[in-house]
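Colleague: One letter stands for each residue in the lines below.
Protein chains: 2
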Amino acid sequence: MIQIVEAIAPLRAWLSTPRRAGRSIGFVPTMGALHEGHASLIQRARADCDVVVVSIFVNPIQFDRRDDLDAYPRTLEEDLAVCRAHGVDVVFAPSVEEMYPTPMACTVDPGRVAQHLCGRYRSGHFAGVATVVLKLFEIVQPDVAYFGQKDAQQLAVVRRLITDFNVPVRLEAVPTVREPDGLALSSRNRRLDASERALAPTLYRALREAESRIASGTADAAAVTRAAAALIPRDDRLRLEYLEVVDERDFQPVERITGPVVVAGALWVGRTRLIDNVRCPPPSHA
Amino acid sequence: MIQIVEAIAPLRAWLSTPRRAGRSIGFVPTMGALHEGHASLIQRARADCDVVVVSIFVNPIQFDRRDDLDAYPRTLEEDLAVCRAHGVDVVFAPSVEEMYPTPMACTVDPGRVAQHLCGRYRSGHFAGVATVVLKLFEIVQPDVAYFGQKDAQQLAVVRRLITDFNVPVRLEAVPTVREPDGLALSSRNRRLDASERALAPTLYRALREAESRIASGTADAAAVTRAAAALIPRDDRLRLEYLEVVDERDFQPVERITGPVVVAGALWVGRTRLIDNVRCPPPSHA
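These protein sequence lines are chains A and B, in that order.
Letter by letter, the first sequence follows residues 1 to 286 in my numbering.
Letter by letter, the second sequence follows residues 1 to 286 in my numbering.
By construction, these hints were calculated from the structure, which means they are not laboratory data.
Beta carbons are placed, not taken as given, at the ideal position from N, Cα and C, and that holds for glycine.
Treat the hints loosely; a few may be bogus.
Stated by the list, open to error - Here chain B is said to cover these stretches of chain A; the calculated rule only asks that three of the stretch's residues, wherever they fall, bring their Cβ under 8 Å from a Cβ of chain B: (1) 24 to 34; (2) 107 to 115; (3) 151 to 161; (4) 164 to 171.
All chains should be modelled from the sequences, with the hints used to inform the complete structure.
Modeller: See below:
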């Protein structure tokens with residue numbers, strides 16, 4: 001029987017029993033609007049851990065734009081059905097007041113990992129992400145937490161959060177789930193109309209081009225991103241916000257590709273902003 | 001038999017046994033140079049908890065001045081004797097490399113609690129304090145942590161850290177221990193020469209004056225601090241850095257005293273900077 005818990009104290013009380021019994025706790029933090037990408041995180045947690053906790057919380061402090069926060073899909077009943085179908089034990093679905101009862105004084109400053117890519121365009125976004133993830137870690141105290149590779153910079157921020165603060169949580173990165181045409185699953189995809197949906201996979205096509213250039217030995221990051229960006233069609237509905245090559249650990253821009261990198265892009269499709277990325281080993285001759 | 005542990009992994013391994021057995025863990029974080037103030041923290045932990053952990057770590061990232069870091073007293077052998085004498089179970093004494101193996105990306109931003117008083121004069125100090133305290137909490141995972149009221153703004157920062165991040169630690173504030181003439185015990189007192197030592201208690205005398213003015217009904221904070229500061233003798237060796245009335249929770253300056261406040265001061269005595277504070281209930285007529 002799935003537990004649905006809206007407050008911190010009863011969640012902690014519920015979790016104390018399995019924790020004391022030495023049962024492992026797997027945690028999948030989400031903002032709801034669950035899709036197959038989230039389902040793959042839950043499946044991994046279900047396979048690895050004794051107890052699976054999913055949080056559903058649209059975190060206001062990670063939105064830089066009020067309209068984006070307001071437009072973010074909220075589909076709690078469907079989300080609970082997904083959680084039930086995948087054998088989740090506890091859904092933690094707090095209110096904003098439960099998570100932020102008073103204005104925050106302390107927040108997490110994610111430092112250099114948040115300087116570039118999305119961090120440059122979405123002011124305060126990763127501070128908000130890192131802060132809520134830390135709070136959720138402290139509330140749930142999981143053994144393992146599952147994050148999608150799709151949000152690669154978020155993953156890098158959470159990895160540094162865990163390392164830098166010595167948080168006793170193991171991080172598992174789960175591969176991106178894609179539509180047959182390559183579009184990465186995202187809660188934002190449901191905002192696309194039919195013509196936008198047809199254009200959306202061009203971001204992944206561009207990233208695959210970058211991947212293949214790197215695999216075939218191009219070490220000049222500018223040449224890689226130029227070739228990749230050329231695959232984005234000229235279309236009034238499309239605007240490439242960034243497409244960059246960064247190092248995997250600190251998400252700093254790379255000029256010569258000599259180690260493992262992430263190529264990440266953000267593409268506006270109409271009024272919807274999509275992000276995606278590919279991880280690339282260094283070119284074999286490097 | 002006291003355990004002395006220098007690395008995180010063996011500390012966690014050692015603590016996992018009492019933790020699994022449901023024994024309570026009390027934690028006293030220190031920078032060493034232990035005195036009777038620290039001893040009173042340890043005694044409280046010893047009385048309350050099954051296991052007492054003391055950390056000894058001079059945290060470089062909370063020092064704004066290199067000369068202050070270099071001059072900070074390091075007295076590990078004497079510190080261990082104090083810990084032994086007070087029945088400490090584990091001393092955690094990590095190296096800088098163990099605590100900061102790579103340059104930090106994520107740090108704690110303590111926000112408005114760190115804006116005034118020491119936060120204004122010691123740039124980055126409370127970010128460094130909050131960051132290391134969070135790290136130590138994650139490493140030790142104590143049930144209760146003990147901090148001295150003497151470092152009142154630090155206490156307020158740690159209180160907000162725990163509240164804002166939902167850290168499952170109970171904070172216990174322990175009253176300041178004083179010399180017979182009122183001087184608050186501090187590791188920095190040992191830097192005072194005899195003439196400086198004779199001048200040092202004037203800070204507490206000024207704070208007591210503020211306390212008595214508030215108790216007798218003065219609600220105008222400026223009048224309180226003026227009367228208090230007037231008690232600091234004119235002397236070339238003395239420089240009052242600040243003397244202010246702030247609210248107890250967020251350490252914001254107060255003009256009219258209507259709720260509980262802290263009166264806090266920082267006094268340079270020669271080349272040594274001393275801080276002290278008094279907590280005051282609101283004047284009874286308020």
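Colleague: Hints first: check each against the structure and report whether it holds.
Modeller: Verification of the supplied hints:
Coverage of a stretch by a chain is defined here by at least three residues with a beta carbon nearer than 8 Å to that chain's beta carbons; for the segment 24 to 34 of chain A and chain B the count is 0, and the condition is violated. With 7 residues having a Cβ less than 8 Å from any Cβ of chain B, the segment 107 to 115 of chain A passes the three-residue criterion, so the hint holds. Against chain B, the segment 151 to 161 of chain A contributes 3 residues with a C-beta closer than 8 Å to a partner C-beta. That satisfies the three-residue criterion, and the hint holds. Against chain B, the segment 164 to 171 of chain A contributes 5 residues with a C-beta closer than 8 Å to a partner C-beta. That satisfies the three-residue criterion, and the hint holds.
In this structure, the one hint that does not hold is number 1.
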